[in-house]
Amino acid sequence: MKNFIKAGFKPVDSLNDPDDGHRWSIMQKLLLGLTPQEYFKQLRRNPFNWLLFIIFAVGLPVIVYRYYMGLGSVMHGSHDYPWGLFLGFGLFCMVPLSASGFLLGTTVELFGHKKFKPILNLALLNGLLGYLFAVIYLLVDLGVPWRLYYPMVISWGTAAVLFLVGWHVATYLTVQVLEVSETFFEWINWPTAKKYIHSGTIGLTVAGIILSTLHQGALGTLLTYAPGKVHPLWYSSEFMWIFYLCSSVFAGLCMVIAVSTVVKKTMAWRCNSDFLDNLDAITIGLAKGASMALVTYFAIKLIGMTHDNLWVYLTTGWGTWYLLEIGLGVVLPIILFSIAIRKKSVGLIRFTAFLTIAGLLMNRLNTALISFNWNLYQEIPHPLETIISVTIFALFIVVYRFLLYRLPILYSWKAVPAKALASVPVLDQAAPISTQPQPEHQFAKGMSS
Amino acid sequence: MSGISRRKFLKSTVVAGGSAAAAMSSTKSAFAMKEFEGYPDSMGVLVDLTRCIGCRTCEAACNKEHNLPEPAVPFDNFSVFDQVFHGGKQKRRPTEKAYTVVNRYETKAQGAPVYRKIQCNHCSEPACLTSCFVNAYKKTKEGAVIYNADVCVGCRMCMVACPFGVPAYSYDSALHPEIIKCNFCYDKRLKNGQPPACVEACPQDALTFGHRKTLVKIAHERIRSNHKKYVDYVYGEKEVGGTSWMYLSSVPFDQVGFNTTLQKHPILDNTKSFLGIVPMVLGIWPAMFLGFHLLAKGGKGEKEDKSKNKVEVHGE
Ligand code: SF4
Ligand code: SF4
Ligand code: SF4
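Top to bottom, those sequences are chains C and F.
Note that this note's numbering numbers the first sequence so that position 40 is 497, with each residue one more than the last.
Note that this note's numbering numbers the second sequence so that position 90 is 106, with each residue one more than the last.
Bear in mind the hints are in silico, worked out from the structure with no lab data behind them.
Even glycine gets a Cβ: it sits at the ideal position worked out from N, Cα and C.
Check before you lean on any hint, since a few could be wrong.
Said to hold, decoys possible - Calculated lysine-lysine pairs in the DSBU-like style (CA-CA distance at most 35 Å, straight line):
(1) K254/F x K157/F
(2) K652/C x K800/C
(3) K801/C x K204/F
(4) K572/C x K745/C
(5) K107/F x K207/F
(6) K288/F x K154/F
(7) K722/C x K652/C
(8) K244/F x K572/C
(9) K288/F x K105/F
(10) K800/C x K486/C
(11) K233/F x K871/C
(12) K245/F x K124/F
(13) K80/F x K154/F
(14) K800/C x K313/F
(15) K313/F x K652/C
(16) K313/F x K571/C
(17) K652/C x K801/C
(18) K288/F x K80/F
(19) K80/F x K233/F
(20) K254/F x K244/F
(21) K313/F x K745/C
(22) K871/C x K801/C
(23) K721/C x K313/F
(24) K722/C x K745/C
(25) K288/F x K745/C
(26) K313/F x K207/F
(27) K244/F x K288/F
To be verified - Distance windows between CB atoms, simulated:
(28) G226/F x P602/C: 40 to 48 Å
(29) V521/C x G127/F: 55 to 63 Å
(30) A303/F x G774/C: 33 to 41 Å
(31) L306/F x G774/C: 47 to 55 Å
(32) T763/C x R240/F: 13 to 21 Å
(33) D270/F x A514/C: 49 to 57 Å
(34) A303/F x P504/C: 50 to 58 Å
(35) G307/F x L508/C: 47 to 55 Å
(36) L500/C x Q99/F: 50 to 58 Å
(37) K280/F x Y770/C: 29 to 37 Å
(38) H82/F x I483/C: 54 to 62 Å
(39) T649/C x A303/F: 26 to 34 Å
Given the sequences, and given the hints that come with them, work out the whole structure.
Structural data, given as structure tokens:
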């Protein structure tokens, strides 16, 4: 892709072809304005795609195998460890990392901090995809996945916290689809629908806050069903939901920082100047929010420790592991963020965001898997279980990238190009792309950084 | 009955959380209605470890009663007592092929080995039941906790929740995996007032079937009349809100594989502090955040902000 851009190619970002004014067809929009041959050429050229290809070549058959042979064929099938990576990672980690949607929705739409506007769509998409893939992980993990809708329509276990999680994830997913659909309607050129959705923004955002507050907390509460199985250091019947809710705040914000970093590095050609120019300032703003959440989290962790009098456990092996998690995932990020914010060092902020995410992953895996059954034995995930988890994550990346390439998320859609409308050319093929380098082109500049 | 009002309260909160989100508050009360009436007639079994000789007759009887698969090691072979798993840390447990197992423990307190039968304890306020989001479990008036595979989604939350590590899952079935656990022989026996197969088969009278209330009395009576022999504790009388199956032992319970650190109140209570906030969030959040929103807008002048908004959306 970079090479095409260098060559002066301009990916579709408007309703009509700016050169001749004809409307882009869906196909052309899908191929970003490249011809199929060119499109596959750029696919093949990217070594990352080869890595993805290998992952899918191995992983997809394993997923098929799982549905034919049953869960036992890809998991240890342990009665003591009913949950493995699919839920431990797919649900417990993906959901907090996807809190970004409701956080930035609130900031921009409700509190009117327009400064964050350029990143809002990215945050919303990140939220949507995170939840979507959490559900996909769930579909792999459920023993009877085709009954996924049972808690919605067939049989209601209304006293169960999982019931609340199920309902909320389902409704919130719908809310997020609606939120993101605004950009989709723009892309397929259906302005009425876009306007309609836009008029409901505030309602959707408020719904997002309510649902998120509740199910992020509920996820933590799920583990209060298993007191004694979860190690006391990671368990608190009183505070579990506050821990989970609060950590989802910095997780979601750091995820936006992390994703925007990747985007800036790998697909700057797709970003408009509004996004690229403001990104550093936005990143610092996000880091401020994240560090506030981190400090709060650390404080309530301390309160929780004192409340349940857990200090004695700190001297054990579990204590060391716990301190490592808190040290690397909470305390160090607090320090680094404060230094970076003071020095306005965006690079350090980005590094710290990744570190914080790692800390969060550690926390969720520790609670749901590693410290689970701490007084029984430890279980190492089945190799096939790991392969499937990686495959689904790769799928997550592919879908993420596919949408970012196309929908007006990093750039804004140009609905009416003024000049081009004048002439009405009769071109029914994609404009051939010049292979002559045109370095003065605006997109080439973006790429050289 | 505090237990009942607690459950009722918790149920209606979650229903509110689920249904309000889906704007279905009208059906709310209908689903919060299903209530336990308390368990005045709950039956139970008292397991006296001092009487158990580890003959595995109960295992065999249960296997036959429920047409379970042939065991890998026959029931008259006692080498199973030597089996340990996961680096010696774990003895046998109920699996998808066995509703109940008997384990042997060599203890410091006593020269002779002690045997312990494990099966579902049929809790009074079962964690499996309250954690299941499709209501697959039911506590019958006779005290049995039974499971309905037809609605089970296979999330295995109940396995995570059961404090005794009882439910097993048939992971190897691709099309009809299900939870497998002791059902107190509900369908063929308990429902008709008959004792379960394992109880009937026990040659040592180690298992006593009766009303739970009576069994509690019998248990304490046995301890009183023979306080040298028994540890002064009835396991299951109070654990996680009480269980229908209870145990007496001559050695400290933690030496024979019992979890003695379990809370005395029902597992369901642990979700209380969270469920308490659900109605608050539902009630307060919308107004609060809309208020914030109006404030934020008002600060900048409402009209101006709106038009600015539009320009920003379309005009870049
Ligand atoms: S022992 Fe476990 S499976 Fe049996 S009723 Fe209690 S919680 Fe449920
Ligand atoms: S595995 Fe089945 S019975 Fe157990 S909690 Fe999930 S849906 Fe309910
Ligand atoms: S009560 Fe019935 S199902 Fe349960 S262990 Fe005994 S024989 Fe088996």
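Holds or violated: K722/C to K652/C, with C-alpha atoms at most 35 Å apart: holds (33 Å)
Restraint status (C-alpha distance of K800/C to K486/C at most 35 Å): Outside the cut-off at roughly 42 Å; violated.
Cβ distance range 33 to 41 Å for A303/F and G774/C, holds or violated: violated (48 Å)
Distance restraint hint 54 to 62 Å, applied to the beta-carbon atoms of H82/F and I483/C: holds (59 Å)
Restraint status (C-alpha distance of K288/F to K80/F at most 35 Å): Outside the cut-off at roughly 42 Å; violated.
Supplied distance hint 29 to 37 Å, evaluated on CB atoms of K280/F and Y770/C: violated (22 Å)
Range hint 50 to 58 Å (beta carbons of A303/F and P504/C) holds or violated: Holds, at about 53 Å.
Cβ separation of G307/F and L508/C, checked against the hinted range 47 to 55 Å: For L508/C against G307/F, whose Cβ atoms are near 49 Å apart, the range 47 to 55 Å holds.
V521/C paired with G127/F, Cβ distance criterion 55 to 63 Å: holds (57 Å)
Straight-line alpha-carbon gap K652/C to K801/C, limit 35 Å: This hinted pair is violated, its Cα atoms lying about 38 Å apart.
13 to 21 Å as the expected CB spacing between R240/F and T763/C, which holds or is violated: Violated, at about 42 Å.
Restraint status (C-alpha distance of K721/C to K313/F at most 35 Å): Given that 35 Å is the threshold and the Cα spacing comes to 32 Å, the pair holds.
Hints 2, 3, 8, 10, 11, 17, 18, 26, 27, 30, 32 and 37 from the earlier list are contradicted by this structure; the remaining hints agree with it.
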